[in-house]
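Generate the whole structure from the sequences, applying the supplied hints.
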Amino acid sequence: GESVGLHLPTLSVQEGDNSIINCAYSNSASDYFIWYKQESGKGPQFIIDIRSNMDKRQGQRVTVLLNKTVKHLSLQIAATQPGDSAVYFCAENLQDDKIIFGKGTRLHILP
Amino acid sequence: KAGVTQTPRYLIKTRGQQVTLSCSPISGHRSVSWYQQTPGQGLQFLFEYFSETQRNKGNFPGRFSGRQFSNSRSEMNVSTLELGDSALYLCASSRGPPNTEAFFGQGTRLTVV
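Protein chains in written order, with our numbering: chain A, 1 to 111; chain B, 1 to 113.
FYI, nobody ran anything at the bench for these hints, they're computed from the structure.
Since the model is a prediction, treat every value here as computed from it, not as a measurement.
For lysine-lysine, the following DSS-like pairs were computed, each having C-alpha atoms within a straight-line distance of at most 27 Å: (1) A/103 <-> B/57; (2) B/57 <-> A/71; (3) B/57 <-> A/42; (4) B/13 <-> A/42.
Written out as structure tokens, the structure is:
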């Protein structure tokens, strides 16, 4: 079916540590995946994307890993900062260009 | 470069009324998508418009409708409002299919009382 989900609703990470947010998707035909960050009172903000012909993509302090074998997506944030506190959504772009979002993971930064 | 603009930011309506929300995409973007965000259901896809045509539609009742104008601006309408329609309605714009980065507006917070 069409579903994208996140393993953990809340993740608490010590400031300075690396954060890893996971996501499972169910549609093996999906060819484009996106991570969004949503801060309180704001709309989702694009972080990084990856196409199905890749298994890793790096941005500034962020890395997305795609494992098509187990249909798993992860977002790694290096040296987590207080400003990284937000809800993170993975999204799956289906073949008809419909985007399905996961439920979201709240990232909480511990001082 | 201006971002995606949604108006109004906040709205309070009574059950049974209808409401129209507006979205102005980023200049040059021809695709506009609408989402409903609630604490219980998360972000749910409503519909997508590209060049004034609805390309995709989510699983929402016919009370939810939308349209796109020739300048790519889009409106969504909800008729016969129900309490459960209270949500943050988000609009996202992109250059167009396939698979292009979408930019979201800040949303319209609709409260139905």
